[in-house]
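Q: From first to last, the protein sequence lines are chains A and B. Numbering of the first sequence is given in the working numbering, commencing with residue 845 and proceeding in unit increments. Numbering of the second sequence is given in the working numbering, commencing with residue 525 and proceeding in unit increments.
Rather than coming from a laboratory, the hints here were simulated on the basis of the structure. All figures in this text were calculated on a predicted structure; none of them were measured in a lab.
One-sided excerpt, in silico: chain B residues whose CB lies under 8 angstroms from chain A:
(1) Gly557
(2) Phe593
(3) Leu600
(4) Leu604
(5) Met611
(6) Thr720
(7) Met725
(8) Lys727
Anything over 12 angstroms on all C-beta distances counts as not near chain A; from chain B, calculated:
(9) Thr577
(10) Asn578
(11) Gly580
(12) Glu642
(13) His645
(14) Tyr646
(15) Met654
(16) Ser656
(17) Gly671
(18) Ala672
(19) Thr675
(20) Trp680
(21) Leu683
(22) Ile685
(23) Arg687
Straight-line Cα separation of at most 25 angstroms, DSS-like style, residue types lysine-lysine; simulated pairs:
(24) B/Lys619 / A/Lys872
(25) B/Lys619 / B/Lys700
(26) B/Lys700 / B/Lys533
(27) B/Lys548 / A/Lys930
(28) B/Lys700 / A/Lys867
(29) B/Lys700 / B/Lys548
(30) B/Lys619 / A/Lys875
(31) B/Lys619 / A/Lys867
(32) B/Lys548 / B/Lys619
(33) A/Lys867 / B/Lys546
(34) A/Lys930 / B/Lys546
(35) B/Lys533 / A/Lys930
(36) B/Lys546 / B/Lys700
(37) B/Lys700 / A/Lys930
(38) A/Lys867 / B/Lys533
(39) A/Lys875 / A/Lys930
(40) A/Lys872 / A/Lys930
Every residue gets a Cβ at the ideal spot worked out from N, C-alpha and C, and that includes glycine.
Below are the chains, spelled out letter by letter.
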Amino acid sequence: MSTHESTEHVSEHDQSHLDIHHKIAHEKEFKQQIVSFVMMIFITMLAFVAVASDAISDGFTVIFIMILAGIQLVFQLYMFMHLSHKGHQYPAWGMFFGIFVAGTAIVALMGMIW
Amino acid sequence: MSAKETMSKLPANPERATLDGKNKFLGFWFFLGGETVLFASLFGVYLGLRNSTNGGVTSNELFELPLVFIATMILLTSSLTSVFATMALKTNHFKRMIGWFVVTAILGLGFLGLEIYEFNHYVHEYGHTMQSSAWGSAFYTLVGTHGAHVTAGIVWIALLIFRNMRRGMDLYTAPKFYLFALYWHFIDVVWIFIFTVVYLMGKVG
Numbered sequence: 845m846s847t848h849e850s851t852e853h854v855s856e857h858d859q860s861h862l863d864i865h866h867k868i869a870h871e872k873e874f875k876q877q878i879v880s881f882v883m884m885i886f887i888t889m890l891a892f893v894a895v896a897s898d899a900i901s902d903g904f905t906v907i908f909i910m911i912l913a914g915i916q917l918v919f920q921l922y923m924f925m926h927l928s929h930k931g932h933q934y935p936a937w938g939m940f941f942g943i944f945v946a947g948t949a950i951v952a953l954m955g956m957i958w
Numbered sequence: 525m526s527a528k529e530t531m532s533k534l535p536a537n538p539e540r541a542t543l544d545g546k547n548k549f550l551g552f553w554f555f556l557g558g559e560t561v562l563f564a565s566l567f568g569v570y571l572g573l574r575n576s577t578n579g580g581v582t583s584n585e586l587f588e589l590p591l592v593f594i595a596t597m598i599l600l601t602s603s604l605t606s607v608f609a610t611m612a613l614k615t616n617h618f619k620r621m622i623g624w625f626v627v628t629a630i631l632g633l634g635f636l637g638l639e640i641y642e643f644n645h646y647v648h649e650y651g652h653t654m655q656s657s658a659w660g661s662a663f664y665t666l667v668g669t670h671g672a673h674v675t676a677g678i679v680w681i682a683l684l685i686f687r688n689m690r691r692g693m694d695l696y697t698a699p700k701f702y703l704f705a706l707y708w709h710f711i712d713v714v715w716i717f718i719f720t721v722v723y724l725m726g727k728v729g
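When you get a sec, could you build the whole thing from the sequences and use the hints?
A: So, in structure tokens, the structure goes:
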């Protein structure tokens, strides 16, 4: 399989120009990833504290921690797995379809088991 | 100069630069969509059976939050280290990428160790087994399937590193490592729902 051929037609000027954009985007992404990670740690702690403390009613706690899990799902898919980036249209549809079927399966199984 | 040298040899998205890479990328995302459905069926069964304890120990008596919290932090951190590995991949720093994947695998092993300790503890101290109740069956199937995925991931990355160590970064190896990082994030997503639905909701009642 050819590996380096596909990049050889790019002239040196174009390449260094690309590199600068590449580098700036890379540094910006790095910051976003760190912020996402700190947010996810915070959300996780919040969920554990909500369950450990007696101050919040059980019914509300369940809804609260499910919402927190949903937020973490979005962080993972969009920040860590880059689902929002260019060229992820088909993967996004694949995942959305999977999540849709998953939701249906969970509701159906919960309803069917007594 | 060295940064320019290393960055100029690969396109911006080396994991999708070849047809081979594109196909792997798309196919793997569809696989993850399918995995979502697999875990959803196990979650659905678990939610249906979580109170069927057959007169044995209940989830509230069984689970210990500190252990689950530590396991969660380990897995979440390993998700971050595989992000660092992906970023090293995109900037063509092969050794740095391998280093972060090694850290990821070690954290994965730590998580697995905690899970083995936990299961062993439940079986021997509480008599909570696969056969003891419908809830037991659902619990070990769901959490065990996730643990099997973690194990498979560790074996996968170990083989990838071992096989491609000398080859270095190119358009052939980039998709392979990129997909492992995707898989590892997915494992973390599943764990987020396990600690929420199984452990935290088990404590709430």
